[in-house]
Structure formats: structure tokens, C-alpha cells
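A.B. asks: Construct all of the structure, not just a fragment, from the sequences and the given hints.
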Amino acid sequence: MKALAAAFVLAGLSLPIFAQSQTPPSDDEVERALERYREMISDPMSNPGFLAVDRGEQLWMERRGARNASLETCDLGRGPGVVQGAYAQLPRYFADADRVMDLEARLLWCMEHIQGLDLRPILQRRFSRPGIYSDLESLTFYVAHQSSGERFAMPLSHPKEIEANVLGEQLYYRRSAPFDFSCQTCHSQEGQRIRLQRLPHFDTPRDAQATMGSWPTFRVSQTAPRTMQHRIWDCMWQMRLPDVGYGSEVTIALISYLTHKARGGEIQVPSIKR
Amino acid sequence: MKPVLLATLVAATLVATPLAGQQRPTITPERLEQAVQSSWPGISPELRRRIEQDDTMRICSMTRNNPTQAQANDIMTRERGSIRLPANGQLMGDWRRGEQGALSGYGLRMGDNDPRRVNGGNCYACHALNPAEISFGTLGPPLTGYGKARGTSAEIQREVYEKIYNIQAWIACSNMPRFGANGILTPEQIADYVALLLHPESPVNR
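Chain order of the listed sequences is D and W.
If you want this note's numbering, it's the position in the first sequence, counting the first as 1, plus 27.
If you want this note's numbering, it's the position in the second sequence, counting the first as 1, plus 520.
These are computed hints drawn from the structure, not numbers from a lab.
Don't take every hint at face value.
To be verified - Quick list of simulated restraints, FRET-style, between CB atoms:
id, chain 1, residue 1, chain 2, residue 2, range
1, D, 160, W, 630, 46 to 52 Å
2, D, 218, W, 630, 28 to 34 Å
3, D, 182, W, 679, 51 to 57 Å
4, W, 720, D, 218, 30 to 36 Å
5, D, 270, W, 605, 33 to 39 Å
The C-beta atom is built at its ideal place from N, Cα and C for all residues, glycine as well.
C.D. replies: This is how it looks when you write it as C-alpha cells:
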């Protein structure tokens with residue numbers, strides 16, 4: 028992990044290769060340099076995200092909570108205990124909870140109702156920090172990885188699935204907070220950047236598929252495994268919003284909207300990103 | 521609900537991506553706001569104001585930043601009323617401080633609680649300015665050389681000051697934050713950014 032962080036710092040330092048030149052680099056030059064950098068960090072053999080997959084697998088099978096149960100009977104939408112391909116068909120409506128859930132909300136539901144776990148400490152460390160694992164993160168990595176190589180096929184037939192999707196679209200364009208930002212502010216044009224970071228354009232299927240198909244991911248800049256719930260929280264943090272509820276209706280509606288934009292796209296996770 | 525708003529909402533729903541073979545339900549503004557309120561449980565009243573919209577945000581969201589001319593005029597008139605000038609009347613401050621602020625994305629994020637640090641304007645997130653700074657975003661127009669063509673007249677100082685203080689007094693539903701009106705930057709800080717853009721010695725214009 029330390030070696031990886033060091034490699035990142037080195038890559039970061041060597042990035043302003045244009046600094047000596049008097050004229051600013053063209054957009055093409057910047058984009059090519061960035062592409063080389065992205066290739067450098069996307070070697071799957073050195074992706075620490077797979078440690079989270081392994082930890083998640085152990086957690087999935089471990090008997091825990093007041094009911095001393097494992098998660099092996101948890102129904103992720105394809106039947107109790109079926110993990111293979113489940114992530115490719117989420118978010119979806121669950122009759123037992125009577126609401127639409129993404130993978131992370133569903134894991135939380137199973138931890139509460141099947142294992143009888145106290146959710147408070149689990150939610151307190153929903154996002155890992157140095158030295159502090161997140162069970163939700165590890166489990167998400169494990170389950171999502173079992174859909175690697177499959178294509179997004181989120182169901183959109185139950186009225187609540189359709190409602191969540193339309194709600195997500197409205198939320199995507201909803202401006203708020205001190206900066207007046209919505210998702211659209213940064214993601215409505217193709218090929219745009221914040222600083223040097225390229226922004227996915229979700230109305231371009233290729234962009235939506237590449238983005239959604241590569242989460243969860245190991246984020247080098249945070250030296251941590253990160254899930255889509257974290258990505259949404261992080262966007263909202265940058266938008267100067269308060270901390271959005273983990274698995275809340277807003278997050279799931281947005282994830283439904285974005286996942287539908289990526290339909291047909293291949294899942295390759297965990298990936299590794301900046 | 522005003523008829524114009526309702527019509528816009530219905531139009532926006534109709535042009536959206538169709539779901540194959542399905543009737544798309546209408547999400548009422550009340551339903552949307554209820555979902556928002558329920559997704560930030562237990563936050564302070566001060567933070568709750570951040571998830572709620574003012575009239576300008578509401579119109580821009582509903583029209584997806586394409587307000588009618590009448591809506592745009594309403595917005596620009598209302599937003600113009602928010603503009604306050606620095607106490608000393610100087611609209612052009614210190615471009616060096618402006619450059620520091622333009623590089624900083626600090627401020628108003630959860631956890632940004634250091635009383636010794638000031639909020640940044642984070643201009644480089646979206647704009648090219650000083651040509652020596654290659655880490656710039658592209659969401660806004662490039663501003664390199666901005667002052668060269670425009671000079672430093674009182675009129676241009678006032679225009680640039682107003683645009684940073686509240687861009688929506690000039691361009692309704694612009695993507696740019698209303699830095700002064702929303703309390704991100706103080707009037708004195710905004711004057712520093714005006715200098716960054718207009719002062720002949722600013723790296724933006726050299």
C-alpha cells in the first residue's frame with residue numbers, strides 16, 4: 028500500500044511535464060499525458076481493491092449479530108444466497124422492504140433483518156479510514172466482483188423502480204446548496220474537466236458505461252476502496268451539501284438513473300482510479 | 521404552482537429518456553422535495569437551508585437552465601438586488617490574493633472548520649487563467665488575457681465585480697456559483713479576483 032501511494036506521488040510529480048515550456052500545452056497534449064497516467068495506475072495485479080473482495084467474502088460467510096447468522100440467505104434479488112450476477116441487476120424493488128434498494132442499502136437491510144446486527148456502529152464506519160475497515164465497503168466489493176464480466180441489466184418494471192428512476196432524473200437537474208450546483212453542472216457536456224480530472228458525460232452511453240462499470244473502485248488518492256454510495260456522497264460534499272444519508276432515497280434514485288444510463292455496459296470491478 | 525412552471529415540468533418529463541413500453545409517472549415538486557428532506561435526516565436548521573432551494577434555483581432546475589425570457593428577466597432583476605459593494609468602494613483589490621484564492625477549493629465543505637483559512641473561489645476548477653498554471657478545468661470559458669482586451673475602466677471593473685458577486689444578475693441560470701450573494705466570498709475578496717482578471721500586472725494579462 029505504501030509503495031502504491033509512493034508511486035502515485037511520483038506519478039503526480041512527474042505529471043507537469045510541460046512546466047518548462049513557455050507556451051501552455053494544448054488540450055490534446057494534456058489529455059494524452061493524463062491518459063498515460065491513467066494507464067499507469069490501472070494495473071489490476073496491483074489493485075488493493077481485491078483485498079476488500081476477500082475480506083467481504085469472509086464477512087458474507089461469517090455468523091454474526093444477535094441471530095448468529097451469516098449473510099448466505101440474503102436475497103440480493105436473484106434468490107436467497109445468490110451472489111453471482113446480482114449486482115448487475117441492482118438497484119431493484121424488494122417486496123420485503125417495499126422499496127427500491129441499491130446493493131449497499133440491501134446489504135444493510137440483510138445485516139439488520141437476517142443477522143440482527145446493530146446498524147449504528149456499521150454506519151459510523153460506512154466509509155473506511157486509514158486503519159479502520161468498513162464492513163459495508165468490503166461486502167459491496169465482494170458482491171459486485173461476482174458480476175464482473177456481466178452487463179448492467181437493472182430491472183425497470185415495478186412501479187416503484189420506475190418512480191425511483193424518474194425521481195433520479197429530477198434530482199440530477201436539481202440545483203441547491205451555496206454553489207447552486209446540480210449533477211448536470213459538471214456532467215452535461217462531453218469531454219469537460221475539473222482541473223485535470225475528466226468528467227463523465229452521462230448522456231453519452233460510452234461515458235456512462237465506463238463510469239458505472241468501474242465502481243466500486245480502489246481510489247489511489249484516498250488509498251481506500253470506495254463504493255458508489257461514497258461517490259455520490261463525495262460529489263455532494265464537493266457541492267457543499269451536508270452528508271447525505273447512506274442508502275437514502277435520493278442516493279438510490281440517482282444510482283438508478285445513472286445505472287439505467289449505463290445499461291448494457293460491462294462491469295469490471297473492482298477497478299482502480301485516481 | 522404557477523401554470524408556467526407546471527407546463528415546463530410536464531414538457532421536461534415528456535422530452536426525457538423514454539422507458540421502454542412504460543408510462544412515465546410524474547414526480548410532483550412536493551414529492552421531489554419530500555424525497556430530499558427524508559434523505560438528510562437529523563441535520564441542523566442551518567444545514568437544512570442548504571438542501572432547500574430559493575426561487576432562482578427552483579426555476580433553473582425545472583427548466584434545466586433554459587428559462588423563458590420572462591423567467592430570465594425575473595431572475596436577473598431579483599439577483600441584481602443582492603449585489604453589495606466593498607465598504608471602501610474599491611472594486612479592484614490585490615491580484616496576488618486573488619490568485620491564491622483562485623487556486624483554493626477550501627470552504628463550506630463538511631469539515632471545513634479551520635477559522636484561520638478563508639474560502640477559495642476555486643476559479644481554476646473551471647477556468648484557465650494564469651498561463652503558467654496548467655491544471656485548469658474547462659467547464660467555464662478560458663479567461664487568460666481577460667483584462668488585456670478590456671482595460672481597467674470603472675465600467676469594466678463594475679461588470680466583472682458584479683459577475684463574480686452574482687453571475688445571475690447578468691446570465692440567468694448560469695452554471696457559475698453566485699459567490700457574493702451566496703456568502704462564499706466577501707466583497708473585499710471579490711475585489712481581489714477582479715484585480716486578478718483586470719490588473720495589467722496580473723499573470724492573467726502578462
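A.B. asks: Run every hint past the structure and note whether it holds.
C.D. replies: Against the structure, the hints come out as follows:
Taking the beta carbon of each, residue 160/D and residue 630/W are about 22 Å apart, not inside 46 to 52 Å as hinted. Roughly 30 Å separates the CB atoms of residue 218/D and residue 630/W, a value that falls within the hinted 28 to 34 Å. Roughly 53 Å separates the CB atoms of residue 182/D and residue 679/W, a value that falls within the hinted 51 to 57 Å. Remark: the range hint 30 to 36 Å for residue 720/W to residue 218/D is upheld by a beta-carbon distance near 33 Å.
For residue 270/D and residue 605/W, the hinted distance range of 33 to 39 Å is satisfied, since their beta carbons lie about 36 Å from each other.
Of the numbered hints given earlier, the model fails hint 1 alone.
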